[in-house]
Amino acid sequence: MGRVNFQIWRGTATGGFQEYATEITEGMVVLDAVHQIQAESANDLACRWNCKAGKCGSCSAEVNGHPRLMCMTRMDEVLKETPPGRAVTLRPMQAFVPVRDLVADVSWNFEVKKRIKPFRPRQPDAADGTWRMAQSDVDRVQEFRKCIECFLCQNVCHVLRDHRKHDEFIGPRFLVYAAALEMHPLDVEDRTDELRKAHGIGYCNITKCCTKVCPEHITITDNAIIPLKERVVDRHYDPFGSLWRWFHSTDKASGGPSS
Amino acid sequence: MAEFQTHEHDVLVIGAGGAGLRAAIEAAAGGVSVGLVCKSLLGKAHTVMAEGGLAAALANVDERDSWKVHFADTMRGGQYLNNPRMAELHAQEAPGCVHELESWGALFDRTRDGRILQRNFGGHAYPRLAHVGDRTGLEMIRTLQDHGIHQGIDVHMECTVVELLKDGSRVVGALAYDRERGRFRIFRAKAIVLATGGIGRAFKITSNSWEYTGDGQSLAYHAGADLMDMEFIQFHPTGMVWPPSVRGILVTEGVRGEGGVLKNSLGERFMFNDIPEPYRKSTSDTPEEGWRYVTGDKNARRPPELLTRDHVARCIRREVREGRGSPHGGVYLDIAWIKERIANAPDHIRKKLPSMYHQFMQLANIDITAEPMEVGPTTHYTMGGVRVNGDTQMSTVPGLFAAGEVAAGLHGANRLGGNSLSDLLVFGKRAGAHAAQYAKAHGSGAIDIHAVDTAAQKALAPLDRTGGESPYQIQQDLQEMMQAKVGIVRQESELQEALVELDKLKARAAKASAPGNREYNPGWHTALDLTCLLTVSEISARAALERKESRGAHTRDDFPDKVAEWGKFNLVFRRGTDGGMVVERTPLVPLRDELKQVIEEHK
Chain A
0 MGRVNFQIWR GTATGGFQEY ATEITEGMVV LDAVHQIQAE SANDLACRWN
50 CKAGKCGSCS AEVNGHPRLM CMTRMDEVLK ETPPGRAVTL RPMQAFVPVR
100 DLVADVSWNF EVKKRIKPFR PRQPDAADGT WRMAQSDVDR VQEFRKCIEC
150 FLCQNVCHVL RDHRKHDEFI GPRFLVYAAA LEMHPLDVED RTDELRKAHG
200 IGYCNITKCC TKVCPEHITI TDNAIIPLKE RVVDRHYDPF GSLWRWFHST
250 DKASGGPSS
Chain B
0 MAEFQTHEHD VLVIGAGGAG LRAAIEAAAG GVSVGLVCKS LLGKAHTVMA
50 EGGLAAALAN VDERDSWKVH FADTMRGGQY LNNPRMAELH AQEAPGCVHE
100 LESWGALFDR TRDGRILQRN FGGHAYPRLA HVGDRTGLEM IRTLQDHGIH
150 QGIDVHMECT VVELLKDGSR VVGALAYDRE RGRFRIFRAK AIVLATGGIG
200 RAFKITSNSW EYTGDGQSLA YHAGADLMDM EFIQFHPTGM VWPPSVRGIL
250 VTEGVRGEGG VLKNSLGERF MFNDIPEPYR KSTSDTPEEG WRYVTGDKNA
300 RRPPELLTRD HVARCIRREV REGRGSPHGG VYLDIAWIKE RIANAPDHIR
350 KKLPSMYHQF MQLANIDITA EPMEVGPTTH YTMGGVRVNG DTQMSTVPGL
400 FAAGEVAAGL HGANRLGGNS LSDLLVFGKR AGAHAAQYAK AHGSGAIDIH
450 AVDTAAQKAL APLDRTGGES PYQIQQDLQE MMQAKVGIVR QESELQEALV
500 ELDKLKARAA KASAPGNREY NPGWHTALDL TCLLTVSEIS ARAALERKES
550 RGAHTRDDFP DKVAEWGKFN LVFRRGTDGG MVVERTPLVP LRDELKQVIE
600 EHK
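Residue numbers (numbering that gives the first Met the number 0), protein chains in the order written: chain A, 0 to 258; chain B, 0 to 602.
Quick caveat, the hints were computed from the structure, so don't treat them as lab data. Watch out, some of these pointers could steer you wrong.
[Stated by the list, open to error] With a straight-line Cα cutoff of 35 Å, these simulated DSBU-like cross-link-like pairs (lysine-lysine) come out:
no.	chain 1	residue 1	chain 2	residue 2
1	A	LYS79	B	LYS203
2	B	LYS350	A	LYS228
3	B	LYS510	B	LYS280
Small disclaimer: the values here were computed from a predicted structure and weren't measured.
In isolation and in its complexed conformation, chain A is listed as follows (with noise of 0.2 Å):
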């Protein structure tokens, strides 16, 4: 594939994208170029990885404008989407404050999970202490439990990278992580209320681009936020349900129906 231009995004908000060159073989991924250009000619280019294998979620980036995870993006890939005579470019992902480099803060993520209400199983089904649990019911919330935490459909949420609403929405991957709680065969707990209001769903209006991004492909809209939405609407919106809940509620002293 011979010798390849990249634009690199260097330094913090105010760096700017910075021309390097580096020698591109037979089944390098855009991660292996960074590497390479690190080593040869920017020691202290800065990027975050780990697994190299799409495991772990580290190196997300944007290649070409593109959110994606660089050491799953194939550089024969790439070249074939960039204009002849054009540089590959790199940058941070724009959704979250540049720390430098290529490396993004995302720590605002690990807050938002904190707000989350915790797993609560049900008690354990046999007398060991332990639970019985089917296969498909299994099966349902593994997709979403596969989430490698790459935060790229954050990145393209247009709630958080265009109208910055990190304080009033979790974003996608939060809400697949609400679901994967939500649908759980044992969890008990019910965070519908917060999902409604101290979470924002309603932000959501399912244009699906946290989907199309997804490096395992978790059908995020569809399998987790929508059943999310229809969860609070039932919970919050059916005032039949409300009034039924309300009646068989054992804490009735909490308040009446939630609107």
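Please arrange chain B on chain A, whose structure you already have, making use of the hints.
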């Protein structure tokens, strides 16, 4: 101390993979304040890469299984150099740890009656590995992470420890820098748990990420702790070999557990040609019987592909060296063939091995449901490490604990697949509990500010130097040298050469320079990692030179046989009073009579 930000915790855990997270959770449950530092973001540690499963004698699939069989399997796999107390505790406590993980939300694949499903793996007599397809490690680390963040643990992400701080003989803290800004931080702690993983980055072909530079082993050694069994490095038999940029990436043993077979370029299942004596009785003679075994026939014996990793790796190396390898220097691993035996085989493979399917499709253009993979050995795991007390996981330095891959003892000369994830849980939990106890029983020590200053100055040196060599080049040369001379098969002359080379590399590393400033500068980080890599590489090379026999993962061309006398010792390294390396042959931890009997019963 003005220029150093200081954090104070009762227990400091270094490393946030499975062992570190489990230790932190347990320490917090013990009612002490806990800090957790990790070099990457939370949840990205190498545990995430574990594919096959987590070994625990739940006996859900085969009721003949029990902790005793698991114990005997672990000891046999480790060629009896294991710390038997650790192997015993591990086998007994692993099932409880799996259930505990389930109670925190982990979702394992199920049996028909709704219990946790278990799969076959090399060296395990019965199906024993609880698993989730081929992404068990992700399930485990995410469960621990998601549970851990609600336990009041202070997490310091992207933070690297460069030195342990001592007050007299005990550890009382650590000096670290945050990667983002490059600022130094002092962590004061009454007890410290090392959970930093292995040393795989010392080798060129490795399944390990940049993080596995032997930090914990090196920190412990320089703090005066004993390191043990450092000659035993596991080369996993099946890593990817093509294309070159993915060389070394792991191909799970689960492929063979699901019926995958190894073939050479002649199409021969060469594993049938060399079955070691201790395993002859339990290994099948025919492909037919092997297939019956992987499909659950309890009367069948396991196929030779599921022999221990050290042996399979050596057989693959032999095939390649004798000219029967695949085009890119590996052998063939074929799971696609099962279509001859079962209907809808491609769907079955994609369901059982989804990430393997994905990995080969995306990185190598290979559809594993239709064609064989090319695989070869890759550096995978460090059996050796910090010598610890089997019950408490405390090292020979008071207040310093170690758990998981960084600790030695459980696996002896060779680790069985699946015993790592259970190791992380069982001994992470123990280390956390005992560190908390230690912290409660001891006050804070004094931090020696001169030691802090010296360590900080040393750490800054690569940034201050100009015109020196690139740390990347030195790391690369080290990896190539270790691969060539301290690799899968060793011999005296090459090991001697390795020691000479290591001296030269040390001299080069001392003059390396890292351009740029302190903020998120991977060149500087690489320069600092070299200190650890060089320390552990030297100890491994010296240990390999010292052990004049072949046993488990340690194979000597010049001493090809196992020697009974060597079966009585572990090799222990520590820093001498003059700063030089002291090596000692330490008698094995004695095997109690009742455990001896367990081993005999399950021979």
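To see whether the hints hold, each was checked on the structure:
1. A distance of roughly 31 Å separates the Cα atoms of A/LYS79 and B/LYS203; the hinted pair therefore holds under the 35 Å criterion.
2. A C-alpha spacing of about 29 Å is found between B/LYS350 and A/LYS228, which places the hinted pair at or below 35 Å, so the restraint holds.
3. With a C-alpha separation of about 56 Å, the suggested pairing of B/LYS510 with B/LYS280 is violated against the 35 Å cut-off.
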